[in-house]
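J.: Listed here are the chains, written in short residue letters.
Protein chains: 2
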Amino acid sequence: MANSSGTLFIISDRTGITLEHLVRTLVTQFDELRRERVVLPFLDTPVKIAAAVREIDAAGQEDGVLPVVFSSLVEEASRALLQTANARVFDIFETFLPSLSDAFGMPYVGHIGRSHGIGDPGKYDRRVAAVNFALNFDDGARLRGLGDADLILIGVSRSGKTPTCLYLAMQYAVRAANFPLTEDDFLLGKLPGPLLEYRSSLFGLTISADRLHRIREERRPGSDYASPGQCRKEIAAAEDLFQGHAIPYIDSTTVSIEELAIEIMQRVGVSRHY
Amino acid sequence: MANSSGTLFIISDRTGITLEHLVRTLVTQFDELRRERVVLPFLDTPVKIAAAVREIDAAGQEDGVLPVVFSSLVEEASRALLQTANARVFDIFETFLPSLSDAFGMPYVGHIGRSHGIGDPGKYDRRVAAVNFALNFDDGARLRGLGDADLILIGVSRSGKTPTCLYLAMQYAVRAANFPLTEDDFLLGKLPGPLLEYRSSLFGLTISADRLHRIREERRPGSDYASPGQCRKEIAAAEDLFQGHAIPYIDSTTVSIEELAIEIMQRVGVSRHY
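So the protein lines, in turn, are chains A and B. Once you know that position 157 of the first sequence is 138 in the numbering used here, the rest is easy, because the numbers rise by one and skip nothing. Once you know that position 72 of the second sequence is 53 in the numbering used here, the rest is easy, because the numbers rise by one and skip nothing.
Looking at chain A on its own, in the form it has when it is part of the complex (with noise of 0.2 Å):
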């Protein structure tokens, strides 16, 4: 029996992951959609796109219903050989490019894109060594070298540093540290000593005690650690301590790594690097 809710194909001469994610935007749109989607990247040969074609056009024999194809092909052949495929297509370059080319006042070229290869060395290398930085600094691990940091997190065990300082590390090359918040702060009502002269560049996460104590019972159920009035004490004193400090800090319970980054970055001030 055909499957009649159809397939919606990603294709790219790249790695599509620009793509995916303006397609995953775009389908928030829709809440009733149900297309199975395929990803076909690194199509760069024409012989790669006949087969692309083949297996577009197999889909909507079997489904029943045309596919929707999603395209950032570069170059003009590719672009014209996957036009030839039963499907409905959208050409990302074909729809912007010529009135961005006006907007711009200069025309277009037609090379393949280079916006996810490893482009500029330099940006690469960055990226890698804020990646080491943030390994290097994770949990207060090292003091020594922690003013090359671009930020520092701060909070309780298990709010989310490691991950954040990972993510801005790995895509925008910020040397992000981090730094535990520990009963012994809590108990003396102060910042950890080594982070006072770096108060500029301190921002503090916080999350619900709900959320803290299951993520928590994960790792060690039952204990003291996770118990509810545990990750409740611990968090009302951190935020005790950034209100005191007047340190900025975000919620990070129901937002997602992606979003704390750039509003950490927006607040902080730090720019983003590629």
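One thing to keep in mind: the hints can contain errors.
As the list claims (entries may be wrong) - Computed cross-link-like contacts, DSS-like style, restricted to lysine-lysine with a CA-CA straight-line distance of at most 30 Å:
#: 1; chain 1: A; residue 1: 214; chain 2: B; residue 2: 104
#: 2; chain 1: B; residue 1: 171; chain 2: B; residue 2: 214
#: 3; chain 1: A; residue 1: 171; chain 2: A; residue 2: 214
#: 4; chain 1: A; residue 1: 104; chain 2: B; residue 2: 214
Don't read these hints as lab results, they were simulated from the structure.
With chain A's structure known, arrange chain B on it following the hints.
T.: Frame of chain A; chain B shown alone:
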């Protein structure tokens, strides 16, 4: 004096990440483009959008060049407000939704996208769990539980294993471990013993001797470890191992983390989780 190259704004009610990627891809097609890029994320109230309109108009005045604006605002009222800016506005929803609605044969809604929000908390937790997995199984740190890995990257020291594993975890919730190949393995001409039972999950990374030399020099200048001869020897031995054991591998020298990740997932047959 007016800055004749002009400004390119990226306007979003969420992070703006998708739009940034799209713009980055599109501008690769304009070699001569020298527009300053300004990203304004989280514009989710009329007050914030009105402020953005003023900023756009001011930039146009100062540059003496009509600003170009990419927008992924979802709500009708917000989009209408943005259109009052004195600029060339590219609205990705307006661009795609009507014809996409036609292609899908269903209406579209008008609520704020969640493509980079926390969305399904289960997915978010899987990404964070995968990052923790990658950290726990970095550089052969742990054997117990290695069988849970979706894939295991192997290669010589500094061939790019760690950033690739972290990227796979962060973006695709893939549980990626990595394991170093050392002198001992090469002398014996064998795979590290603990890996033998996970043969089907192994994937090799290699790199040019010249680039490896430069990377290692930064870490330990003038060392044997970093010497061109040592780098050449290790890489040749690693590639012999990959070939001898029919382990798929990829050269990371001129490939970005994104490209590595996508190609590895495709070749190992690991699906992209979101």
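J.: Could you run down the list of hints and mark each one as holding or not?
T.: Okay, the hints, checked on the actual structure:
Taken as a hint, the residue 214(A) and residue 104(B) pair is honoured in the structure, with Cα atoms around 28 Å apart against an allowance of 30 Å. For the hint linking residue 171(B) to residue 214(B), the alpha-carbon distance of about 15 Å falls within 30 Å, and the restraint holds. Proximity of residue 171(A) to residue 214(A) is assessed by CA-CA distance (about 15 Å); at most 30 Å being required, the pair is judged to hold. At most 30 Å may separate the alpha-carbon atoms for a hinted pair to count; residue 104(A) and residue 214(B) meet this at roughly 28 Å.
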